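Asks: Below are the chains, spelled out letter by letter.
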Amino acid sequence: MKSRLNEHAILHPAIESGAMSYTVIGCGDYYNQDREKVWCPWTQTDVEEYNIHIIGSADAKADFTHLDDFAAYLVASLCEPEKSHNAHLNFPSDTISHAEIASLLGRYSGKPVHKEVYGLEDMHKIIADPKQAPKELSEGSAFPVDFWFLVKGCQGQDRFRWAPGQRHNHLFPEVEVTTFEKYFQKKFGKKE
Amino acid sequence: MTTFSTVALFGANGQIGTCILQALLGCKKQSFEVTCFIPPDSPAPPSATDLSNVHIREIDLTKTSKEELGKVLKGIDVVVSALNGPALEAQYKIQDAAADVGVKRYYPSEYGMHHIYRKPDDPQGYMHPVRKAIPPAI
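So the protein lines, in turn, are chains E and R.
Mapping of the first sequence onto our numbering: residues 17 to 208, in sequence order.
Mapping of the second sequence onto our numbering: residues 9 to 146, in sequence order.
Excised from the complex, chain R in its bound form (with noise of 0.2 Å):
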């Protein structure tokens, strides 16, 4: 049977970040070593103070390559990206990273619902988030 016990979570001390990681020091059925991953300069989560479980990482994404995100990942059983805006792109190479260094399971940032937006006389469906360019769905 497949435990985890060691989780890095991205976005740590952002609005689902900080909830995700109450609840996995709140989690009654079993504990879990967690190592918050946070952009540099920026206030570590609440619940992190002074924990022995909770690991802070200040790294900022943009500047950090996938060699250096597989170092930080060894030993983590599970991603969990809690990412928002400009910082998802790192996704691509935390996962890169992750799948380098044995990572069994990945969460990217979903949690939410996808939305069509279709304009009046117009056949298309087209992807949020709204922009200038927006891209047709399929």
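Bound-form chain E, shown alone (with noise of 0.2 Å):
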């Protein structure tokens, strides 16, 4: 849907007549949003353990961004409207794999942390028929869970990860970057 409807801003008259203008902001995988347990278990504390789901390979980098990094570049780009007018601008924080995350996570929580690792097989079964899903996954998200399967399974299979010269971090240096370890530094506290 939201293909359809950029798609549709882009190219509105008052687009075209220069009237307006637009900027289309695109991110990695949200990574700190506490309320999804599945999709971002890192996020809990109260937990003895941690199982991170992953499809396909684990050594696969994807991009991630934090939700206040996102903003922040939001709003830098409106304080220099020259830069983003009529762009297509996206925005990582981090792009890293599930097993560099698990590895982090591990390290700065303490607690042990489990990958779950399912085939690529299993993202078809459950794209097919999400009522074929896991309870565990298919509870406890505000997303369908064949939606999460196809994210997770994109990046199990390295593909979901801007390349260069599609990422625009440079053109608001001042928007720092929040990273994996930076986040999980000041969630568990800074390890040396």
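These are computed hints drawn from the structure, not numbers from a lab.
All values reported here derive from a predicted model rather than from experimental measurement.
C-beta atoms are modelled at their ideal positions from N, C-alpha and C, and glycine is treated no differently.
The reader is advised that the hints may include incorrect statements.
[As the list claims (entries may be wrong)] Facing chain R, according to a computed beta carbon distance under 10 Å, are these residues of chain E, among others:
(1) Ser19
(2) Ala35
(3) Ile41
(4) Tyr66
(5) Ile68
(6) Leu83
(7) Ala88
(8) Met139
(9) Gln173
(10) Pro180
Bring the two chains, given one by one in their own frames, into a single complex with the hints.
Replies: Written out as structure tokens, the structure is:
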């Protein structure tokens, strides 16, 4: 739906005439959604151990964005309208694999971290029939479980990354990114 | 040099909208006058309480006409949509209304990455979100 709406937005007659300009901001996977126990298990603190669900390769890197970083980036683009005039900008906070996230989470939380890896065939199966999804994944999220499998599957296929030239962090260098390591340092305390 | 100072934020009390509002109010480079659009009878964003530069407007986007939206968007420089779900469809009339009253910049609710789903042994790609009827990608 967003793809269709974006297309309509940027081709609007007011944009074409120059009366209005647009800015489209793309991000990575929002990783600090406290409400999302399945998408963002690392946000939880009231647990004895962590289970990170992965589809495909745990070593594939993906783009992630911290919600506050994104918001700061959007505001920075408002403060300098010329840089964001009729622009499609992408802003990741970190590019990292689930294996690296698991390692950092274990190091900073001091708790066991388990990686539960599903095959890509599971992604195809669940997308075809979301009812077959494990209960622990289909409950407790604001998003449909097939969407979760799709996003995580793209991440595990090494396809959830902006390519060089498609990232625009450099346009607003004053916006500091919160990498996973910084996030964990703040959440759990700094470990040397 | 263009300067934007008045912002209409749709979906201001959602997960993304709340973060955007906080960033607008915390901006050190300049100050913004922000009009927050939220659904009727829903909680105001926490950071909006008692601030003279934040205005809350409860509005049912499914029932509000383009003309009515235009009236409340007069004097706004920028429309930022942080809508999600079924409310996204209202973006059509929001942008039309904004254009009618001279809003200068429009931010559609994107804030993500589009994923092409490829089935095994199927040359076509499919756009998310995956639902019963999956529209083919290009």
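Asks: For each hint, tell me whether it holds in the structure or not.
Replies: A quick look at each hint next to the structure:
1. Ser19: Interface hint status for E/Ser19: holds (6 Å vs cutoff 10 Å).
2. Ala35: Because about 7 Å separates E/Ala35 from the closest Cβ in chain R, which is inside the 10 Å limit, the hint holds.
3. Ile41: With Cβ-Cβ at 6 Å, under 10 Å, it holds.
4. Tyr66: violated (22 Å)
5. Ile68: Check failed: Cβ of E/Ile68 comes no nearer than 20 Å to chain R, outside 10 Å.
6. Leu83: holds (5 Å)
7. Ala88: holds (5 Å)
8. Met139: holds (9 Å)
9. Gln173: holds (9 Å)
10. Pro180: violated (15 Å)
Violated hints, listed in ascending order, are 4, 5, 10; each of the other numbered hints is respected by the structure.
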